[in-house]
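From first to last, the protein sequence lines stand for chains A and B. Read in order, the letters of the first sequence are residues 184 to 806 in my numbering. Read in order, the letters of the second sequence are residues 1161 to 1450 in my numbering.
Treat the hints loosely; a few may be bogus.
Footprint (simulated), chain B over chain A, 3 or more residues, beta carbon under 8 angstroms [claimed, not checked]: (1) 611–623; (2) 627–636; (3) 652–658.
Some chain B residues well away from chain A (every beta-carbon gap over 12 angstroms; in silico) [what the hints assert, rightly or not]: (4) Ser1163; (5) Ala1168; (6) Leu1173; (7) Val1179; (8) Arg1189; (9) Phe1211; (10) Val1328; (11) Lys1396; (12) Leu1417.
It is worth saying that the hints were derived from the structure and are not from the lab. Where is the CB? At the ideal position from N, CA and C, for every residue including glycine.
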Amino acid sequence: MDESLIDLLVALLIIGPMVAGLGCFLIRRLPPIGKLVIAVAVVMIAAVLSLSYEVLSDGTIVRPSEDLSSFGVLITILDLALMLGFVYIAWMSKSPLTGVFAVIQIAVMAFIELNGVEEMGNAIYIDQLSVMMTFITSVIGSIICVYAVRYMKHYHGHGRFFAIMLLFLGAMNGAVFSTNLLWMFFFWEVTTLCSFLLIGHTGTERAKRSAITAAEYTLGGGAALILGIALCMQYFDTVFMDQLPIGTGIGGLALLPLALFSVAAFTKSAQIPFQKWLLDAMVAPTPVSALLHSATMVNLGIYLLLRLSPALHGTGTLLSVIGAIGALTFLIAAVLAITQGNAKRVLAYSTISNLGLIVACVGMDSSLALTAAMLLLLFHAISKALLFMSVGVVKEKIDSEDIDAMQGLRDSMPAVSAAMLIGVAMMVLPPFGMFASKWLLSEALTSFPLLALFLVLGFGATLVYYAKWLGLVFTGGTERRRFHDEGTHRIYLVTLMSIAIVGMAATAAIGLLLDELVNPFVSKIFDPALEMNDWVLATSIGIFPMLALIALGIVLVILVLLPRRMPPMMDVYACGERGNIKTGTFYYWSEDRVVKTTEMVNIGMSILLIALMFIPFLMEVTA
Amino acid sequence: MSSVLEQAASIALWALTPVLIGLMLGLDRVITARLQGRKGPGLLQSLRDLFKLLSKKGSYVNSSQMAFAYLSLALYAIAAFVLITGSDVMTAFLLSGVGSFLMVMAALSVRSPYSHLGAHRELMQIMAVEPVVMLIVLSMGYVSGTFLGSSMDYVMFLSLPLAAAAMVPMLVIRLEKSPFDIATAHSEIVSGPYVEFSGRTLGITKLAHWFELAVMFGILLLLFDTADQALGLAIKTVVVLATVFIIAIIDCSTARLTRWSMLRFSLIFCLGAVALNLLVLYIIDLGVLG
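So that you can see chain A by itself, here it is in the shape it has in the complex (with noise of 0.2 angstroms):
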């Protein structure tokens, strides 16, 4: 392809958004930005499409910065103003946690500036892993926006929340293709600024509250970001994350900015105990929550830890430490989203959940583990938007997002009961991708017998909590009609649609993605250990038959839909009692439990925490 033609692209990825955002600021009323929306998101799904074929034929995608470098002062200065932004933000909303953390960005930034930052590297550096990320964003993002166009319409204030949604994918491109971290920082707090505006979007007390608690918590790790940046510059001497060097060269206090790399990704993903802001996120209208969930957010603090795993490979106790903290939040979110009875509380913690699984597998520094984290980034992205979303439509109808109030919805809306089956379905059952990432942790977990102790109860806490919630939207009585017009609308159909379709076509096209996508990103720290060999995944010790299972599910599909003599209907015995039954489902603890475990867990993560960032010293000292 044309040189010139990629930075069109990738100009449209980045910019393209950004700039259509502000149209939608401009226009203000809802039809002719819902055209504007899509036109984007199939432009946006064009060039993601384009540009992957060419990374994936012709490899990496690199520019220097040297031809960048007016971009460079332009960020510089729009950094400057984002961090003011924050201050003014601060001020207004009488946070002072926010105003110190926004003053301390402003003075390392300084204090980098001042220093002058040596920039001979690739300003822009696309390989696979930006790619599967941009992929995400590009592909799901915007289809949660076109989505959003119907679901906005019992809000307010449209420009303002299409121009934030917009941006938003605009700035995670513009992070997962920089490679020079001050860049990449600037998109970074750009997405801050977004998730603030989006989460506080109705303007009601709770959403302000919940906006500053998120600024607060993700300004936070801004800070650390920022403060791990200037100590890269001291101990390894550039800005570039291509140029730093492989992590078992690394040792004693050169560890303090890795550390601080990873504290800043764990609030961005909601780590334990930084937990709370992506909890409080839910006052936001369901399209953000999808968005913050799936296609952005809270996958650039994964998307930081991968891109670091070549630096953090062979940092022994560091890497460990990590590693446990992702192990224990898996577990212990999955234990508490059993607790819950609002499905999108529910879908809160198995996303924290899940990114734990995720952060965990980058702690295990194997060639095994690094595969399954992409994979279950991908596939956690496409069913995560398929439940969100699924829940809005659901909280349109029935005005609650209550499990409970679930009850019996495969009979009042059988095509969002569908919806919400693949999008567990995925997450939980063969031969789905969610599913071959499990197996192939399992089977990297035989060298990691005590963080197998803890994911092998979150995966059963796992199957748990869905099993509850997706039992209930399936009780059903005895089927008077078998399909019929349950009146969701045709932009929901669609776009809940698209996603599984994308969902499914991922999951037939494993091995494509194992060997274009996967496996060389992979190889660059490892050998590859998983590969695809006439539809048999295989690793050196196991196989999982993926065509048997996908072939499976076709032969049942069709018997399904084929005509057959059933037996008789009947109406439930249910031990002779009749009338309108409604049973609920069962949480196992009291709220008050659930606050106090919180508490506690809070306390033992933070201290773990601690204990990471004393790493550092500590081989300092023994060294």
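Knowing the structure of chain A, use the given hints to seat chain B on it.
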């Protein structure tokens, strides 16, 4: 040629699984009856029950109930197939876990408080069994360096004695025996998650459960694999008979415990035992390496 023969033999074995499990359950009923001083049914009674159920017409409440039950059977049967043909044990275990998930879904898909109660108790049982058995499978993989059942080490029982011991309470739970007959509590919520099934569909759920038991026993027996096939068969037969006998005695001599005590027992003592076993092996390995 022999490998083709072996494959054919294992497929035949898979097809015979329901018969073997049926016989085992029949034996269990005979032993239990003798322990309780009753005459009890014959050895073939469980098989006859299943056969009768499958030949009935039955009824169903809605198509989700039907679909989830059949899907569950399919996954359990595939899991048993994967295990018996000597393929990946972890794959087999995970597939059987999905089978349990789907059975719970089937129980929840009807508007019946009793079925829901059973389903939630079944979920507690999953929560109690899944982690322990998964850790056992992981330790088997750790010991052998592979998850392929056919390439696993022989007599892993010697290095994983606590894992073998932990399998017994797991089987008690899955066989729905006292003190852990939580989901299908006899004389309490009788047959729990299966309460709204009847006729052939009930037979299907029973068959599914049998395949699940086949996976559980298969994992236990893998610990007792030996190089000598004939000797191995003898040992495995003895192990199955002894396990059934022990479980029958436990069943007859204990009273039902609560769900929470089941979770505590399983997740603290059984999981702890397997973890301890694994830890000891890990330390020994480190010592050998260092």
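To see whether the hints hold, each was checked on the structure:
| no. | hint | result |
| --- | --- | --- |
| 1 | 611–623 | holds (count 6) |
| 2 | 627–636 | holds (count 7) |
| 3 | 652–658 | holds (count 5) |
| 4 | Ser1163 | holds (16 angstroms) |
| 5 | Ala1168 | holds (18 angstroms) |
| 6 | Leu1173 | holds (19 angstroms) |
| 7 | Val1179 | holds (24 angstroms) |
| 8 | Arg1189 | holds (25 angstroms) |
| 9 | Phe1211 | holds (17 angstroms) |
| 10 | Val1328 | holds (19 angstroms) |
| 11 | Lys1396 | holds (23 angstroms) |
| 12 | Leu1417 | holds (17 angstroms) |
In this structure, every one of the numbered hints holds.
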